[in-house]
Each structure stands twice: as structure tokens, then as C-alpha cells.
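Engineer: Here is what each chain is made of, one letter per residue.
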Amino acid sequence: MSVLRVAYENCDGCGACVAVCPFDGVVLEEGVPRFGAGCRVCGLCIDACPRGALGLPGEEDAGDVADLSRYRGVMVVSERAADGLDPVTLELMGEGRRLADALGEALSVVVAGADVDAEARECLVHGADRVLVLDHPSLAHFRPEPYTDALEGAVRHALPSIVLMAGTPVGRSLAPRLAVRLRTGLTADCTSLEVNERGELLQTRPAFGGDIMATILSGNHRPQMATVRPRVMPRAGRLPVTGTLERLPFRPDPEYPGRVLEVREKPAADTVADADVVVAAGRGIRRAEDLDMLHRLADALGGVVGCSRPLVEAGWLPSTQQVGLSGRTVRPKLYIACGISGAIQHVAGMRGSERIIAINPDENAPIFDVAHHALVGDAYEIIPALLDRIEERGDARAV
Amino acid sequence: MHIEFVALVKQVPRTGEVEVDPETGNLVREGVAAQTNPYDLHALEAALALRDRLGGTVTALSMGPPQAEDTLREAFWMGADRGILLSDAAFAGADTLATAYTLARALRDIPHDLVLAGMQTTDGDTAQVGPGVAEFLHIAHASYVLRIEEADRREVCAVVDAGDRVQRVALALPALLTVTREVNQPRLPSFRRRLATRDRPIETWCREDLAPPEGEEAYFGLEGSPTWVEEIFPPPGNPEREIWRGRPGELTDRLLAQLEEWKYL
Numbered sequence: 313m314s315v316l317r318v319a320y321e322n323c324d325g326c327g328a329c330v331a332v333c334p335f336d337g338v339v340l341e342e343g344v345p346r347f348g349a350g351c352r353v354c355g356l357c358i359d360a361c362p363r364g365a366l367g368l369p370g371e372e373d374a375g376d377v378a379d380l381s382r383y384r385g386v387m388v389v390s391e392r393a394a395d396g397l398d399p400v401t402l403e404l405m406g407e408g409r410r411l412a413d414a415l416g417e418a419l420s421v422v423v424a425g426a427d428v429d430a431e432a433r434e435c436l437v438h439g440a441d442r443v444l445v446l447d448h449p450s451l452a453h454f455r456p457e458p459y460t461d462a463l464e465g466a467v468r469h470a471l472p473s474i475v476l477m478a479g480t481p482v483g484r485s486l487a488p489r490l491a492v493r494l495r496t497g498l499t500a501d502c503t504s505l506e507v508n509e510r511g512e513l514l515q516t517r518p519a520f521g522g523d524i525m526a527t528i529l530s531g532n533h534r535p536q537m538a539t540v541r542p543r544v545m546p547r548a549g550r551l552p553v554t555g556t557l558e559r560l561p562f563r564p565d566p567e568y569p570g571r572v573l574e575v576r577e578k579p580a581a582d583t584v585a586d587a588d589v590v591v592a593a594g595r596g597i598r599r600a601e602d603l604d605m606l607h608r609l610a611d612a613l614g615g616v617v618g619c620s621r622p623l624v625e626a627g628w629l630p631s632t633q634q635v636g637l638s639g640r641t642v643r644p645k646l647y648i649a650c651g652i653s654g655a656i657q658h659v660a661g662m663r664g665s666e667r668i669i670a671i672n673p674d675e676n677a678p679i680f681d682v683a684h685h686a687l688v689g690d691a692y693e694i695i696p697a698l699l700d701r702i703e704e705r706g707d708a709r710a711v
Numbered sequence: 556m557h558i559e560f561v562a563l564v565k566q567v568p569r570t571g572e573v574e575v576d577p578e579t580g581n582l583v584r585e586g587v588a589a590q591t592n593p594y595d596l597h598a599l600e601a602a603l604a605l606r607d608r609l610g611g612t613v614t615a616l617s618m619g620p621p622q623a624e625d626t627l628r629e630a631f632w633m634g635a636d637r638g639i640l641l642s643d644a645a646f647a648g649a650d651t652l653a654t655a656y657t658l659a660r661a662l663r664d665i666p667h668d669l670v671l672a673g674m675q676t677t678d679g680d681t682a683q684v685g686p687g688v689a690e691f692l693h694i695a696h697a698s699y700v701l702r703i704e705e706a707d708r709r710e711v712c713a714v715v716d717a718g719d720r721v722q723r724v725a726l727a728l729p730a731l732l733t734v735t736r737e738v739n740q741p742r743l744p745s746f747r748r749r750l751a752t753r754d755r756p757i758e759t760w761c762r763e764d765l766a767p768p769e770g771e772e773a774y775f776g777l778e779g780s781p782t783w784v785e786e787i788f789p790p791p792g793n794p795e796r797e798i799w800r801g802r803p804g805e806l807t808d809r810l811l812a813q814l815e816e817w818k819y820l
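As given, the protein sequences belong to chains A and B, one line each in that order.
In terms of my numbering, the first sequence opens at residue 313 and continues consecutively.
In terms of my numbering, the second sequence opens at residue 556 and continues consecutively.
Treat the hints with care, as some may be off.
As the list claims (entries may be wrong) - So the derived list for chain A, only partly shown, Cβ under 7 Å to chain B, looks like this: (1) Leu316; (2) Asp324; (3) Arg363; (4) Pro488; (5) Arg543; (6) Val544; (7) Pro546; (8) Leu603; (9) Met605; (10) Leu637; (11) Tyr692; (12) Pro696; (13) Leu698; (14) Leu699.
Derived from the structure by calculation, the hints contain no laboratory data.
Just so you know, even glycine gets a beta-carbon here, dropped at the ideal spot from N, CA and C.
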């Protein structure tokens, strides 16, 4: 994999790099240098380039405070679902637009993939000022290495002050690679974003797996990068198109070390995120067998069982059922929290539920801060009795 | 076959026992019960299982304060061959960029064909260090691995979570994988191995051992971290709640009536 970086906006295709290279590591293609397997990263071409267009990653003057003002605007990195733009992109654009307006700067959206015209248009009709398209067969499936190269090109081309990416498995695989490439700060899974008068991004997230919120800055570096928790920010609406569409060059390395052999739809086991009713278990549930009563209650209510992280760590329930920061975000119509203390890590994943009932013997349990109905009591007494009552009703009805 | 496996492991505070220094916003580790990051046990298990099947060695690599030795000791009890702890005051306060740099720097001096890490830690929850290490090393990575299908000297095949899809990928070695909890069931530490490894040393490497090249001297710890914690605060409250108190029977009646009113029953 080539590690040299090309600032395409500075390159005039003079070929000085090709002439100086002793290893045949670089050729001119379509008027710009492309580095191949021969490149030893010796740096001769970096010195030979008359326009300073070549460098090692991170050699860029990103840390130079005097130069921070060169970086302007908010860039959103779009994400694709099986059938077009992933809705999380519209959430990023909604938030990106608000931040861009606060800064008085522009909102750009990067669309990377293969045959992405429809997605690019979607971004335009949802209010992007500038859509940057990286369209290439080698980007057909997500792979961290080519996507990092492609996005690095987009960032170095547009020099945004802020880059927002989705807090999805794909976004959270890609963003840290890109942040290292750019030698800049990255904050994971933000639930709230603001900018201050110095143009610094205030990135707020539940922190330390527990009981606090933290606001994180990376104001001495650009771009300021954050991944954003899905299903938290409001989506961008449709607007009259005023933005422009730009196609960026992308020259893939012929020797990327990763291949995608197969892509499958995920099996529909991910029910906790889709359920209308979630009966959730926490550490107050003392044994794996005791989950049975919650499964019975969930069945009676037409819902599914979810849980907080300790139960997944104990191996009692699969991680697909985990609600919280490191699990799923859910917004069911009814959420019944049984024996859940309410660490922020968990609350962040369920506070958007329409109705929240919490059962906990500790009146000061933080789960009661977000509950609409706070039952101060023991789930071990209330749930079995409730199941008995439900059964009686059923019997009565049958008679 | 001889394959060099490296498992990245981190000692974390037990869930729910976290404290934060209100001055610095940094994690206070003293006096808090510690454990190995649960996700990293799956990474270690993956490395051990592949070594047992294919041959090779497993090195457990960690960065942290001196007491993080406990986590490497536990790795020995599970079957790791070598344990290296990166520990130096100069590493303190590292964010994910500086942590990834420090680990990658050490990996230049540790033979590695396949590097495995947990998909995230339970204290930071960022999932950023693994991919960051891969980028610093210029090697391939896959995050959120659900299953490791096969590996040999040249390549590893794995199934990864890609949101609404799963991907089967093949990565040329050296490569780095971050694993989910679905990938395996970690073995328990064994008493026999505990005795057998009682005298096995844990290597401790400091900043000087990592010999940063010119221009990278400031890549460690707080100094090498672009992000900082500006503020910490408790989460917002909820003024609309109703508190229900009473005997369990009364609470049950009220709950039943409420669920009926909402037409769930």
C-alpha cells in the first residue's frame, strides 16, 4: 500500500517525481502521480517536487495553529445502505447543516462508492452546499484501506474544519483510520455537538462507560473529527437544490491487502432495535434462569427482551439484545426496565422511548431520572405477581 | 506452520466503579477494582485457538500503569507465551491517537502476522485504537469481526459486522482484527498454567525502548493527544415522572391497570 500523499490541488503533473525515483515506484496517470508497489517511501520525490504537492501522511501542517483558518466548513461522510443512502446520512446532514450555519460556513457531503449518482442527488436535495463524489469500482464494497485513501483525498481537497461520520460499524471502522492518516483528533459516538465562538467543536458523549457526560475538544487540530450516534440527531429535510456536485479523482492502489468475498443481508435477529415493546433486564436480575419471567412478560406484551451491558458480559444474553452506548439505540413505544440502575451507558440507548416504566428497589437509582413511571419496588415480587394476574385474566377470558 | 499472533489487551475498571478526576477529566485508576477488558478476552482466545490449531506464538501486549501487569499475568494463565507491558509516565493521558501510536511503535519490534484486539474497551467505548494501530503500521484491518473462518501464513478470512450487512473478507497478513463477543467463548485461566508460568517474566518497555524517530518524539501521552476533556457533567434529568410507591401487590395492580389502559393487555 502506498503511503505517500498527493495534494492534487497543487500537482501540475510535471513528472519531477517520476524522473527522480530510483525504484520505478511512481508513474504519471492521467497527469497525476500514482505510487505503486515499487515505492520504498524514501522521500526523494517529496524533496524533488517543485510545488510541494507530495508528503508523508501527517506531515501536513495540520498541527500548525496559525494555519487552522485555512480549514472551513463542515464535511459529512455519507454512508450507504443496501438500497441507497443510509438514513443516518440525513441525520449527519441535519446536524452538519446546523453547525455550518452557526459557523457561517458551507456544508459538504462526501459520497464514496460505485455508481453513486442517485445517492449524490439525494444529498443535494437535502441541502448540501457541495457534494463531493468519489465513484470507482474499487469502492463498491466498504473496505477500510481504499475508503481511507478516498476520504483522505476529499479532506485534503476541501480542507473542512469539521468532519462528521456515522457512529455505525462502518463509520467506526473507517473514522479512526482516517484520523490517524490526518494525525488529528477523533471523538467517538457523540450524542450532542456545538461550536463555540472560536470555531471549536464541542463534542459531547456519555463517557467512561458510566455515570457522566463528557465534552471533548480537539481544537488545535483540523479537521476536528467526530462519529455521531445514529438515531439521535434530527434528519435534514428536503430543500430546493442550490448546491453543486463535484467529482474527485480516485486512483486505487492495485495492491490493497483486503478483499470482500461476499456480502449478505444481516439475519433478522436484531429485533431489539425494531420492537415496539422492550422488557429490559439489568444487574438486579440475579441469575440467568430468572430471565424467564421477563421473557414471559415480553411475550404477553408482544415485545422482546433487552438488557444492559453486564448481562451480555456475563454471557446471559447475546450482544444483539444489548441496549446502550455499546449496544443498540432503541425507541420503542414502551420500555420496561427491570433491575436496571440506569448508567448513562444504558440510558443513552433508551431515553428516546415513548413510555418508560422502571422497577427498582433503590429510590435513587438513576434510571428513575428518565422513567415516566418509577416503581420503587422489587422486580422479583412485582413481575411474577403481574404474570399471575395476566394468566388469571386469560383464564377468565377463556371461561 | 509458525504464525506470530499478538493480542492487544487492556486493564479497565470494573463496570460501574469508574471515577473521574474533576480537575483533569482523566480517569482515576487508583483504588478501583480492575479487570481485563472483557472484549479483549475474546481477542486473546481467538489468538490462542489459532495458535493451538496452526502453530506459532501468542504475545499479549498492553499499555498502562504498572498494575496492568495483572492483565498480562491473566493472559499467561490462559495460555499466552509472552507478555509485554508498555508503561511510562510519558504515556499517561494518551487519547486514542497517542495510544494507537504507542502500541504501533512497540509492534515494530514485536513479530506480528495477525494482531487481535477487542472491538472496544468497556471504559472508553471508542473502538478507535485497533483501526488506528493498523493505520500506523500500514496494514489491513477489519473491525467488528463476528467469526474467524480460516487463516494461514498469507491470509485470514473473517466475517464482519457492517451494519445492515455482514461481509466475508480476506485480508493479506500482516493484518489486524477487532473482535466482537460472538467470535468465541474465552477459556478460563488454568491453575496448571498459573503454576507453570509463575516465574515467567513480564517485559516492561518504557518510552526510550520504543525509540521514536525524529519528529515523532511528542507523539506519546497527553502531549501527543489532539483531544482533551473540556468538561464533565451529570446527565440531564426528567421533571415529568410519576413515582409509584407501595406494597408489591399494590404496585402490581397499578402496573396491570396501566398496561391495560395502554391496551398492551
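Engineer: Take the shortest C-beta to C-beta distance between A:Leu699 and chain B; is it under 7 Å?
Structural biologist: violated (10 Å)
Engineer: Against chain B, is A:Val544 within 7 Å by beta-carbon distance?
Structural biologist: violated (14 Å)
Engineer: Hint A:Pro696 vs chain B: min CB-CB distance below 7 Å?
Structural biologist: violated (9 Å)
Engineer: Holds or violated: is the Cβ of A:Arg363 closer than 7 Å to a Cβ in chain B?
Structural biologist: Hint on A:Arg363: violated, closest Cβ of chain B at ~22 Å, above 7 Å.
Engineer: Would you settle whether the hint for A:Asp324 is holds or violated, based on the nearest Cβ-Cβ distance to chain B being less than 7 Å?
Structural biologist: violated (28 Å)
Engineer: The hint names A:Leu316 as touching chain B; please verify it with the least Cβ-Cβ distance against 7 Å.
Structural biologist: Violated. Min distance 11 Å.
Engineer: Does A:Leu603 pass the interface check with chain B, least Cβ-Cβ distance below 7 Å?
Structural biologist: Cβ of A:Leu603 sits 17 Å from chain B, so the hint is violated.
Engineer: Report holds or violated for the interface hint on A:Tyr692, using the least CB-CB distance to chain B and a cut-off of 7 Å.
Structural biologist: violated (9 Å)
Engineer: With chain B as the partner, please determine if A:Leu698 meets the hint condition of a C-beta pair closer than 7 Å.
Structural biologist: Holds: closest Cβ of chain B sits about 5 Å from A:Leu698, inside 7 Å.
Engineer: Can A:Arg543 be said to touch chain B, with a Cβ gap under 7 Å?
Structural biologist: With a minimum Cβ separation of about 13 Å from chain B (threshold 7 Å), the hint on A:Arg543 is violated.
Engineer: Against chain B, run the beta carbon of A:Met605 and see if the smallest gap drops under 7 Å.
Structural biologist: violated (13 Å)
Engineer: Can you verify the interface hint for A:Pro488: is its Cβ closer than 7 Å to any Cβ in chain B?
Structural biologist: Cβ of A:Pro488 sits 4 Å from chain B, so the hint holds.
Checked against the numbered hints given earlier, this structure breaks hints 1, 2, 3, 5, 6, 7, 8, 9, 11, 12, 14; the rest are met.
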